[in-house]
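J.: Here's the letter readout for the chains.
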Amino acid sequence: MAVGLTLIFGVMRVVNFAHGDMMVWGMYLAFVLATHAGLDPYLSFVACAAILFGLGLVVQRGLVDRIVEAPHEMQILLLLGVALVLENVALLVFGPEPARVRSPLARLTWELGPLYVDVARLVTFGVAIVLTLALSLLLFRTEHGRLIRASADNPYGALVIGADVRRIYAVAFGIGAACVGAAGALVSPILPFSPSTGLSLSVTSFNIVIIGGMGSLVGAFIGGLLVSVAESLGAVFLKPSLKELFSFSLLIAILLFRPAGLFGKRS
Amino acid sequence: VRATATILALAVLVALPAVLSGYAVTIFILIFFYAALAQAWNIVGGYAGQLSAGHAAFVGIGGYTAVLLFERGVTPWIGMFVGATLAAGLGAMVGYLGFRFGLRGFYFVLLTVAFAEICRILASNIEAVGGAVGLYVTFTGDPRQFQFRDPRVYYYIALALMLGATGVAALLERRRLGIYLTAIREDEMACEALGVDTFKYKMLAMVVSSFLTGLAGTFYAFQTFSLQPSAVFGIPLSVEIIIRPIIGGAGTLLGPLLGSFILTPLAELSRHYFGQSGLHGAHLIVYGLLLVAVVLFLPQGAYPFLRRLLTRERA
Chain A
3 MAVGLTLIFG VMRVVNFAHG DMMVWGMYLA FVLATHAGLD PYLSFVACAA ILFGLGLVVQ
63 RGLVDRIVEA PHEMQILLLL GVALVLENVA LLVFGPEPAR VRSPLARLTW ELGPLYVDVA
123 RLVTFGVAIV LTLALSLLLF RTEHGRLIRA SADNPYGALV IGADVRRIYA VAFGIGAACV
183 GAAGALVSPI LPFSPSTGLS LSVTSFNIVI IGGMGSLVGA FIGGLLVSVA ESLGAVFLKP
243 SLKELFSFSL LIAILLFRPA GLFGKRS
Chain B
94 VRATATILAL AVLVALPAVL SGYAVTIFIL IFFYAALAQA WNIVGGYAGQ LSAGHAAFVG
154 IGGYTAVLLF ERGVTPWIGM FVGATLAAGL GAMVGYLGFR FGLRGFYFVL LTVAFAEICR
214 ILASNIEAVG GAVGLYVTFT GDPRQFQFRD PRVYYYIALA LMLGATGVAA LLERRRLGIY
274 LTAIREDEMA CEALGVDTFK YKMLAMVVSS FLTGLAGTFY AFQTFSLQPS AVFGIPLSVE
334 IIIRPIIGGA GTLLGPLLGS FILTPLAELS RHYFGQSGLH GAHLIVYGLL LVAVVLFLPQ
394 GAYPFLRRLL TRERA
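Respectively, the protein sequence lines represent chains A and B. Under my numbering, the first sequence is numbered contiguously, ending at residue 269. Under my numbering, the second sequence is numbered contiguously, ending at residue 408.
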């Protein structure tokens, strides 16, 4: 999930406040596909990713594109607006009750020696790794990825060498949204969700991205691990409800002392 | 002309409760309350351009302090200033960290959100301050305890809060400080190059803003008689605080008030009508759409747009 945000931010220096809500839409799509078409979320995540790709493309082309030049604050506010709309349309359509997607996989566990491993979590983790790797390959090994990175480093330079920067932005935003959609579908059997989950998801993913480093895919991945470890440790040693305290404290420390994040480049 | 218009508007607002129904009075109380918050935010977020997304924390600190002191026998009339001072203290801390370490834009937003969230988590986990349930004020109806049987008293207090915050903002706007703040928003580097102590002025704006927000927090506590951590420290309240000045026109004196006069009744009415039919959140969709529209088409906000429209007609 954070990988998607990193891509969007890394490429366009746009902060997607609607991130968590897009993820919730990914979850609800998986939910709808599972209940009406009987599709298992571990298959339908591809469809969810595709649909969210479209949504991302539309948001970028129709809205963000008009104000890429505007100060950061305006983009934050714009996407905050999009987030409010997405969250509350979900609320109108699906209601406030928490939902959960059933999948036969989610109930399986493997016994590995003394450890019990949740198959569902393992699959999610695996897909996350594959996605991160695939994105890295796309960014660093293909012509398109090279253009994406070029537009991120220097939009005018990229324009000069003939790249269609606007199209690249749209695709990057779309890919970012697709990652979120896939992530949403994948965790939908593990994590009960409701429309209001989006906000906390957004906040968590900002934590992860800031801690890992803006614009770094590896950083996003490791940041994700760090935040979950910090929160689990916090939950073990203190009260579970205090666990977020750790990630926020970590966030403040990183913001102050290493604003580029652990793996980010200094700008 | 401006002076007469101001006096006329004030006279109307003072006289209004005499003709309004109970429900309308409630809506006006909310309009003034949110306008006061919006104006307080405007000082740091509008004039100085430091986008704080954690202003709910100051509402919470102000409210919690006054209620806790009230439970120990201190009247909220004093408690509100203690609360506001503590809120200003937190504002100074957040501001110091943010401005000293040079966090701008999105990073400053995150810092303020993180502080507000930490306040929320602490408040909901410390049993001494009510934990997740929050605090309740026992009703006494005693004016000396900031409690009134007549809702119109709340109307006038909320009006005073709004006017007070606006007065402070007007004072800042006229002085050199206001010019410095606007200059910081427009081009901080140039400002520093000219020898302006940007840190000092940003701090000042932050402290004044959080103090005023803290005052409003006490009002909230004693008007609703309850404080829940997620309601007063949560991100949704911060969003409510930000959205009014942005839509009305951040960095203008009347923008935040206009924003509240547009959005608060809209929110209340849609909550009232849609909420009954089980369609919650409809007003937030409207917020979202308005926000998108304003950012795209009226980035300065509605007030400067209206003013231009009016002056053009007169010319």
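Careful, some of the hints might be misleading.
Unchecked claim - Here are a few chain B residues that face chain A, going by a calculated C-beta distance under 8 angstroms:
id, residue
1, 186
2, 196
3, 199
4, 200
5, 217
6, 219
7, 250
8, 332
As the list claims (entries may be wrong) - Facing chain B, according to a computed beta carbon distance under 7 angstroms, are these residues of chain A, among others:
id, residue
9, 79
10, 83
11, 87
12, 208
13, 246
14, 254
Note that these hints are calculated values from the structure, not bench results. From the three backbone atoms N, C-alpha and C, an ideal C-beta is built for every residue, glycine too.
J.: Could you run down the list of hints and mark each one as holding or not?
T.: Okay, the hints, checked on the actual structure:
no.	hint	verdict
1	186	violated (11 angstroms)
2	196	holds (6 angstroms)
3	199	holds (5 angstroms)
4	200	holds (6 angstroms)
5	217	holds (7 angstroms)
6	219	violated (10 angstroms)
7	250	violated (30 angstroms)
8	332	holds (7 angstroms)
9	79	holds (5 angstroms)
10	83	holds (3 angstroms)
11	87	holds (4 angstroms)
12	208	holds (6 angstroms)
13	246	holds (6 angstroms)
14	254	holds (5 angstroms)
Checked against the numbered hints listed earlier, the structure breaks hints 1, 6, 7; every other hint is satisfied.
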